[in-house]
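Participant: In case you want the letters, here they are:
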Amino acid sequence: MPFAPVLHSEWLKIRTLRSLVAGLVAVVLVTAAFSALAGLDEAADADFDPLFSAFFGVNFGQIAAITFGAQAVSSEFQGGALRVSLAAVPDRGRWFAAKAMAIGVPALAVGLLTGGVSLLVGKAVLGDRGSGLSWGEGLRGVIGCGVYLALMALFAAGLAALLRSGVATLSILVPFLLIVSFVVGDLSGSAADFLPDRAGQVVLHETADGALGPWTGLAVTAVWTGAALLAGAWSVRRRDA
Amino acid sequence: MTSIDVQDLTKEYGTTRAVDQLTFSVVPGRVTGFLGPNGAGKSTTLRLVLGLDRPTAGTATLGGRAYATLDEPLRHVGALLEAQAAHGSRTARDHLRVLAASNRIPERRVDEVLAEAGLASVARRRVRTYSLGMRQRLGIAAALLGDPPVVLLDEPSNGLDPEGIIWIRELMRRLAREGRTVLVSSHLMNETASFADHLVVLGRGRLLADTPMREFIHARVEPRVRVRTTDGAALRDLLARHGYDAVEGEGERWIVHHARVDDIGRLTSGSGVPILELTAEEGTLEQAYLDLTATEAEFAAQSPTQPQEA
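Residue numbers (the numbering used here), protein chains in the order written: chain A, 1 to 241; chain B, 1001 to 1310.
Excised from the complex, chain A in its bound form:
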């Protein structure tokens, strides 16, 4: 069966669930709000990074993004919904690819919007302290923010398909992002640089001081996401619905 109708159907599924649409809106609002808060903190720091200050809210906005990705998949594992979906689209590989695209594309669009809003808010709050930021750096940050949030949403989507549960996925990812990565992240220059969130957020910093650059960092996150999606696809294809 052709791909376009399957994609259309998956996109409709997302549009018609209020909680998913709300999740996407939350990505923008949460990120911008926390970026503004970070900018208000005037404590002069030796390694103050105006770009990351403008994108600081991504640390929290990404929680909304992974919730969106996890929920979009986990809604299929409630009350036999997956059976109805797979009875309509028996080609499971194609079905999961459409699902991932229906999650990834809006997440990217919302991520780019988030980046733009966050940068504007951040710069406004920073005032003079942010005047050193070039347009190029700003643009890199916005694009990086969009790609990063889309990758994180898809990472959660892949994991949710593997674990067949949104709750399980979020109870792994949220503590990981909020605690483990924050703590381990200070040990820069180690293997921690290659964690999906640490690596992907290099692009949001003005200067990269670890092993990875802005784009190689995103590439590392993309590898994590690819692995999660493959594992999810494997689970969907192999297991009884």
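Since the hints were derived computationally from the structure, they do not count as laboratory data. Check the hints yourself; a few may be wrong.
Stated by the list, open to error - Pairwise CB distance ranges (calculated):
#1 A:Asp-41 x B:Asp-1111: 34 to 42 Å
#2 A:Ala-109 x B:Gly-1064: 39 to 47 Å
#3 A:Ile-179 x B:Thr-1023: 56 to 64 Å
#4 B:Ser-1131 x A:Trp-234: 37 to 45 Å
#5 A:Gly-226 x B:Glu-1012: 33 to 41 Å
#6 B:Leu-1132 x A:Ile-179: 49 to 57 Å
#7 A:Phe-182 x B:Thr-1129: 37 to 45 Å
#8 B:Ala-1294 x A:Gly-226: 54 to 62 Å
#9 A:Asp-240 x B:Glu-1116: 44 to 52 Å
#10 B:Glu-1012 x A:Phe-176: 31 to 39 Å
#11 B:Thr-1129 x A:Ala-227: 48 to 56 Å
In this text, a Cβ means the ideal position worked out from N, Cα and C, and glycines have one as well.
We have chain A already, so just place chain B on it with the hints.
Facilitator: Okay, now just chain B, sitting in the frame of chain A:
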């Protein structure tokens, strides 16, 4: 003409065999009742037919093709599996729109099946607010979406009110009249007897019977005749002479075992015994089914704790 063909189908979960070398066919133009107690393997069989579960062995095909190879399958097969499958936060109409989109079914069909299922007025309400019966109607609407020649319904009358039960019965009979293949699982005997033409009976994953419903009942329930007379003694003597055993019931009623009205009617009319009433006591599906399962239980008791035949 699309028939469902199940061939040596086996499904094991760990060490339990949910479906055990099942072979049967469901043909178009009649309603086939799929009977068996809970846990007999009916739902598993339906999932295997729909390619949702992977069989341990054997095949299930629709018109000779495996479900997974069907292009736009909702146009070939409509299925109701679980009433809870629609997401509670979606409206009924959106639930069907999503399904229709994947199989390129025009959106006009969505409103048609909603009207057919009696949900037109509540189509834009969230499924969460639906009663079990309304969810069941939505599931049936989803099954009809692609106007499919094959319809599979798992316990469709679950949660339906009396009006709904009549509706689903008429619907199934109409679908069969239109030449579709209709397979309906149930564990309710009287309900199944009201719509099925043919029966496939499962017990512990195995095929127990695959026969027309009338034959199934006649083969298993002894025919009886009820006679009301003012002269019981004469009746008993007359029948005894012809080898029938009449037992007196209440209020001048006599029950003649292993007899048909045709025979008893002819006998009594020639004899002058006054007959006030002569009725055939039809066997019910329930009696026939219990007889079948009793035989099975006996068989199971005779071969205790037989684990799995490899």
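Participant: Output the indices of the hints that this structure fails to meet, ascending.
Facilitator: 1, 6, 9, 11
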